[in-house]
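J.: Chain residues, written in single-letter form:
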Amino acid sequence: MSPAPLTLAEIANLLDGELTCNDSSKLIAGVQTLIKAKANQASFLSNMKYKNDLQSTQAGLVLLSLDAELPEKTSFATIRLDNPYVGFTKLQRYFHPAPIATGVVDESACIHEDAKLAEQVQVDAFVSIAQGVSVGAGSIIGAGCVLEQGVSIGENCLLHPRVVLAQGTQLGDRVVIQAGAVVGSDGFGFAWTGSEYLKIPQVGHVVIEDDVEIGANTCIDRGAIGNTVIKQGAKLDNLIQLAHNVEVGEHTVIAGQAGFAGSTVIGKGCQFGAQSGVAGHLNLVDGTIVGAKAGVIGDIKEKGMVSGFPAVPHRHWLKASALFDRLPAIWNKIKRLG
Amino acid sequence: MSPAPLTLAEIANLLDGELTCNDSSKLIAGVQTLIKAKANQASFLSNMKYKNDLQSTQAGLVLLSLDAELPEKTSFATIRLDNPYVGFTKLQRYFHPAPIATGVVDESACIHEDAKLAEQVQVDAFVSIAQGVSVGAGSIIGAGCVLEQGVSIGENCLLHPRVVLAQGTQLGDRVVIQAGAVVGSDGFGFAWTGSEYLKIPQVGHVVIEDDVEIGANTCIDRGAIGNTVIKQGAKLDNLIQLAHNVEVGEHTVIAGQAGFAGSTVIGKGCQFGAQSGVAGHLNLVDGTIVGAKAGVIGDIKEKGMVSGFPAVPHRHWLKASALFDRLPAIWNKIKRLG
Amino acid sequence: MSPAPLTLAEIANLLDGELTCNDSSKLIAGVQTLIKAKANQASFLSNMKYKNDLQSTQAGLVLLSLDAELPEKTSFATIRLDNPYVGFTKLQRYFHPAPIATGVVDESACIHEDAKLAEQVQVDAFVSIAQGVSVGAGSIIGAGCVLEQGVSIGENCLLHPRVVLAQGTQLGDRVVIQAGAVVGSDGFGFAWTGSEYLKIPQVGHVVIEDDVEIGANTCIDRGAIGNTVIKQGAKLDNLIQLAHNVEVGEHTVIAGQAGFAGSTVIGKGCQFGAQSGVAGHLNLVDGTIVGAKAGVIGDIKEKGMVSGFPAVPHRHWLKASALFDRLPAIWNKIKRLG
Chain L
95 MSPAPLTLAE
105 IANLLDGELT
115 CNDSSKLIAG
125 VQTLIKAKAN
135 QASFLSNMKY
145 KNDLQSTQAG
155 LVLLSLDAEL
165 PEKTSFATIR
175 LDNPYVGFTK
185 LQRYFHPAPI
195 ATGVVDESAC
205 IHEDAKLAEQ
215 VQVDAFVSIA
225 QGVSVGAGSI
235 IGAGCVLEQG
245 VSIGENCLLH
255 PRVVLAQGTQ
265 LGDRVVIQAG
275 AVVGSDGFGF
285 AWTGSEYLKI
295 PQVGHVVIED
305 DVEIGANTCI
315 DRGAIGNTVI
325 KQGAKLDNLI
335 QLAHNVEVGE
345 HTVIAGQAGF
355 AGSTVIGKGC
365 QFGAQSGVAG
375 HLNLVDGTIV
385 GAKAGVIGDI
395 KEKGMVSGFP
405 AVPHRHWLKA
415 SALFDRLPAI
425 WNKIKRLG
Chain X
95 MSPAPLTLAE
105 IANLLDGELT
115 CNDSSKLIAG
125 VQTLIKAKAN
135 QASFLSNMKY
145 KNDLQSTQAG
155 LVLLSLDAEL
165 PEKTSFATIR
175 LDNPYVGFTK
185 LQRYFHPAPI
195 ATGVVDESAC
205 IHEDAKLAEQ
215 VQVDAFVSIA
225 QGVSVGAGSI
235 IGAGCVLEQG
245 VSIGENCLLH
255 PRVVLAQGTQ
265 LGDRVVIQAG
275 AVVGSDGFGF
285 AWTGSEYLKI
295 PQVGHVVIED
305 DVEIGANTCI
315 DRGAIGNTVI
325 KQGAKLDNLI
335 QLAHNVEVGE
345 HTVIAGQAGF
355 AGSTVIGKGC
365 QFGAQSGVAG
375 HLNLVDGTIV
385 GAKAGVIGDI
395 KEKGMVSGFP
405 AVPHRHWLKA
415 SALFDRLPAI
425 WNKIKRLG
Chain P
95 MSPAPLTLAE
105 IANLLDGELT
115 CNDSSKLIAG
125 VQTLIKAKAN
135 QASFLSNMKY
145 KNDLQSTQAG
155 LVLLSLDAEL
165 PEKTSFATIR
175 LDNPYVGFTK
185 LQRYFHPAPI
195 ATGVVDESAC
205 IHEDAKLAEQ
215 VQVDAFVSIA
225 QGVSVGAGSI
235 IGAGCVLEQG
245 VSIGENCLLH
255 PRVVLAQGTQ
265 LGDRVVIQAG
275 AVVGSDGFGF
285 AWTGSEYLKI
295 PQVGHVVIED
305 DVEIGANTCI
315 DRGAIGNTVI
325 KQGAKLDNLI
335 QLAHNVEVGE
345 HTVIAGQAGF
355 AGSTVIGKGC
365 QFGAQSGVAG
375 HLNLVDGTIV
385 GAKAGVIGDI
395 KEKGMVSGFP
405 AVPHRHWLKA
415 SALFDRLPAI
425 WNKIKRLG
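Protein chains in written order, with the numbering used here: chain L, 95 to 432; chain X, 95 to 432; chain P, 95 to 432.
Just so you know, the hints here were simulated from the structure itself, not pulled from any lab data.
Some clues are possibly wrong.
No distinction is drawn between identical chains; accordingly, a pair holds when it is met within one copy or between any pair of copies.
Claimed, not checked - In silico lysine to aspartate or glutamate, EDC-like type, Cα no more than 20 Å apart, as pairs: (1) K429 to D419; (2) K293 to D304; (3) K293 to D176; (4) K362 to E290; (5) K184 to E104; (6) K293 to D110; (7) K145 to E163; (8) K362 to D380; (9) K210 to D380; (10) K145 to D161; (11) K184 to E290; (12) K132 to E303.
Nothing here was measured: the structure is a model prediction, and the numbers come from that model.
Sequences are here, hints too, so could you generate the full structure?
T.: Here is the structure:
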């Protein structure tokens with residue numbers, strides 16, 4: 095059953111914004127893009143690329159920044175907000191609340207008798223739960239997940255289907271893991287003896303703190319000796335590679351297909367673009383921003399954005415890239431010179 | 095049981111090509127490379143890199159382009175074709191037909207009583223099918239697949255093992271999905287409140303049209319509000335990341351490990367090289383070709399090939415790359431100049 | 095039950111190194127990093143980046159290279175070794191032996207009556223084993239693995255959870271495959287007919303020789319006609335894409351997220367950095383080293399390291415990259431010149 099529609103007044107109250115409208119009792123039943131919204135739906139303007147859509151939108155309500163300009167004639171109500179994107183998010187979260195664990199353990203699940211499931215845990219079909227596993231109240235374990243020995247899961251976590259948590263993995267509360275992710279695979283550690291690579295046992299674990307999200311088919315290796323750690327509130331997209339003993343700081347965000355080599359320590363509030371990479375045994379300071387496809391091969395000691403490979407300060411890279419593009423013209427000029 | 099051998103005459107008829115041979119009743123039982131083919135097998139020459147193999151091949155039949163030159167002495171029959179690669183493909187498809195659904199539903203499968211399976215659907219072991227799912231006639235659902243609530247699958251689809259189709263995913267007819275792919279994972283959407291990232295509910299779906307193929311462990315995120323769409327005949331390789339609300343045009347081909355950020359719209363008949371990337375909210379015109387490892391950060395309005403990062407026209411990139419390689423020599427020249 | 099502690103004398107014997115200590119009967123119960131080790135634990139110095147940790151370590155034993163310098167005062171015993179990293183590995187392997195198959199076949203597993211499991215094979219929950227599969231003695235098949243028709247697995251292999259081995263895949267002995275890997279997915283082969291891409295049946299297989307390790311969620315495509323082959327002792331990290339008919343030579347090591355296009359042949363003892371890529375139909379000589387993020391687009395005929403895209407000899411790339419970084423300054427100089 096969907097949540098009940100809200101009046102404009104209720105929404106203004108929920109979002110703590112300034113409402114302008116003819117009738118604050120008008121009902122809003124959902125959220126849509128400016129182009130697709132109907133009269134009983136809210137929309138929002140956050141990316142200015144879409145501001146022309148304000149002229150044609152049929153939305154009944156538009157969330158706007160405090161200083162956004164309106165077309166001359168509009169038929170929609172507005173709510174002014176410091177951050178309309180956050181407003182949109184909160185409204186969308188009202189209309190689409192996170193799934194709530196049913197408390198049903200599917201009869202096909204294979205659960206070791208020593209495993210401890212708290213109350214109201216949902217376990218879907220073909221889940222395998224080994225000895226010594228504990229799952230906190232309200233958590234959902236999707237179909238086909240595998241929780242190996244000693245795994246510990248906090249409260250209200252959501253594991254989408256087919257997630258693997260290898261031996262000893264620890265999750266805090268409200269962790270979300272998308273389908274197919276592998277947490278706790280062996281780190282890539284081998285010693286060359288002169289005739290073969292000898293596998294180094296990977297005996298550390300993966301520790302994931304509260305409110306972390308891990309993307310689909312992302313791989314997070316267990317530590318070689320100590321742990322691989324992802325701190326509170328960090329968000330990782332799909333198909334990311336995180337090697338053994340990496341540490342990811344609080345509220346750091348990593349886009350798809352990025353990769354991190356072993357033992358690198360990433361600060362708080364960092365951002366990593368898609369397909370970026372970071373070499374091993376490095377330290378990246380809080381607030382580091384790494385551009386898409388960039389490759390970091392040295393420590394980063396000052397907050398700011400780097401790009402390119404080897405990565406350099408972003409503005410520097412922009413200039414050098416523009417000149418790279420002009421190399422044929424530059425070369426012609428040099429030839430004329432001498 | 096393998097399909098019956100074909101006579102040279104039957105093959106010429108099947109491929110609609112011009113046969114040259116001593117005995118058109120000779121039987122051919124399969125297809126091999128020029129180097130490995132035996133007298134009762136066909137081969138083909140398509141990539142001219144392998145033309146010297148014509149001299150030593152033992153093949154009984156070789157498919158050739160209309161203008162390919164032959165060595166002086168050959169013992170094989172030939173069939174001349176506009177496109178010998180298509181001829182090879184058709185012959186290989188005769189000898190190796192696609193698997194046909196057995197109509198057997200494995201007793202271990204967990205199928206909601208409301209799910210609708212059409213006739214002749216094959217469901218393998220440990221498949222989980224939720225409420226409101228429908229599967230069209232002749233489709234095969236491989237072992238360990240998870241079909242979440244409201245998933246709709248057309249006719250004659252082939253899901254290899256361990257595919258996840260998240261809530262509401264729609265597949266057309268004859269869609270092939272390789273093992274481990276995740277379709278419908280949450281898009282990577284969070285709003286920063288000043289103290290934390292608030293997850294934006296991802297409530298759109300993934301729509302995949304007829305004749306699409308999706309590679310192993312590829313991830314396709316559901317839309318944030320509207321849908322992520324992959325249009326008719328598009329082919330995606332392994333380990334690709336497709337973010338929320340991306341649209342991929344008809345017959346577009348994407349090589350392995352490529353990535354696409356959110357809301358980008360890709361035209362028809364495009365080609366993307368391996369490990370290429372495209373930023374979000376862009377439009378790429380029909381017929382765009384993106385080189386391997388390239389990174390596209392702006393709209394592409396003219397058909398043609400781009401390379402590099404940031405991507406520029408391919409020929410331009412080739413010139414600039416050649417000069418990049420000569421930068422040490424260029425620098426020496428500049429130093430001599432002044 | 096953990097292995098018994100070892101005396102310093104026993105360790106010196108096991109590692110064949112020169113022991114310096116006060117009391118060779120002192121017991122060591124495990125291995126830790128220099129910083130975290132306690133008096134009953136061993137540690138090692140291999141990466142000189144960590145040499146200052148020697149001053150503060152509480153370790154009871156440190157494995158060192160023959161020529162490593164010690165701080166003036168130390169309380170730990172030492173064992174001098176040609177290669178302390180190999181010594182660390184051997185000691186860690188003593189304390190953390192590889193898992194031994196229990197010989198238990200979980201009753202939930204779905205095993206075709208024709209499949210042949212040798213003695214002491216362990217099969218975990220929800221494993222699907224098709225007709226004609228054979229599994230050698232001592233192998234472990236983790237939860238949710240899918241072994242398709244005709245798969246052959248040697249002795250003492252370890253398949254972590256949710257691995258797919260597609261039809262006809264062959265593994266040698268002691269092969270380790272991390273969770274979620276897909277071996278034997280269809281190669282990406284289509285022929286354009288002028289109006290659609292026609293799928294080329296992929297009828298070759300994947301052959302993996304002894305002592306190979308494959309990383310989590312890595313994808314290895316089956317051959318189009320012949321086989322895709324990974325030779326003895328090669329090690330592949332996570333999220334790697336290996337296309338159809340690639341051959342990987344003995345003891346070659348490939349880091350995470352690297353990709354290889356079809357029919358390329360890689361020599362012995364090669365090394366590939368993370369996120370590197372190699373185009374199709376190439377030959378790379380034994381001992382090739384490819385830097386992180388590099389893209390190889392031509393044959394490599396001489397042993398050595400290449401970097402960049404297109405890849406060039408590494409030292410050349412280092413120089414050109416340094417000058418790329420200085421392009422703004424170079425351009426200013428050129429403008430002054432004329």
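J.: Now look at each hint and say whether the structure bears it out.
T.: Status of the hints after comparison with the structure:
| no. | hint | result |
| --- | --- | --- |
| 1 | K429 to D419 | both (17 Å within a copy, 17 Å between copies) |
| 2 | K293 to D304 | between (32 Å within a copy, 14 Å between copies) |
| 3 | K293 to D176 | between (54 Å within a copy, 18 Å between copies) |
| 4 | K362 to E290 | between (39 Å within a copy, 12 Å between copies) |
| 5 | K184 to E104 | within (13 Å within a copy, 63 Å between copies) |
| 6 | K293 to D110 | between (57 Å within a copy, 19 Å between copies) |
| 7 | K145 to E163 | within (9 Å within a copy, 61 Å between copies) |
| 8 | K362 to D380 | within (5 Å within a copy, 41 Å between copies) |
| 9 | K210 to D380 | neither (38 Å within a copy, 52 Å between copies) |
| 10 | K145 to D161 | within (13 Å within a copy, 57 Å between copies) |
| 11 | K184 to E290 | between (56 Å within a copy, 13 Å between copies) |
| 12 | K132 to E303 | neither (40 Å within a copy, 27 Å between copies) |
When the structure is compared with the earlier hints, violations turn up for hints 9 and 12 and for no others.
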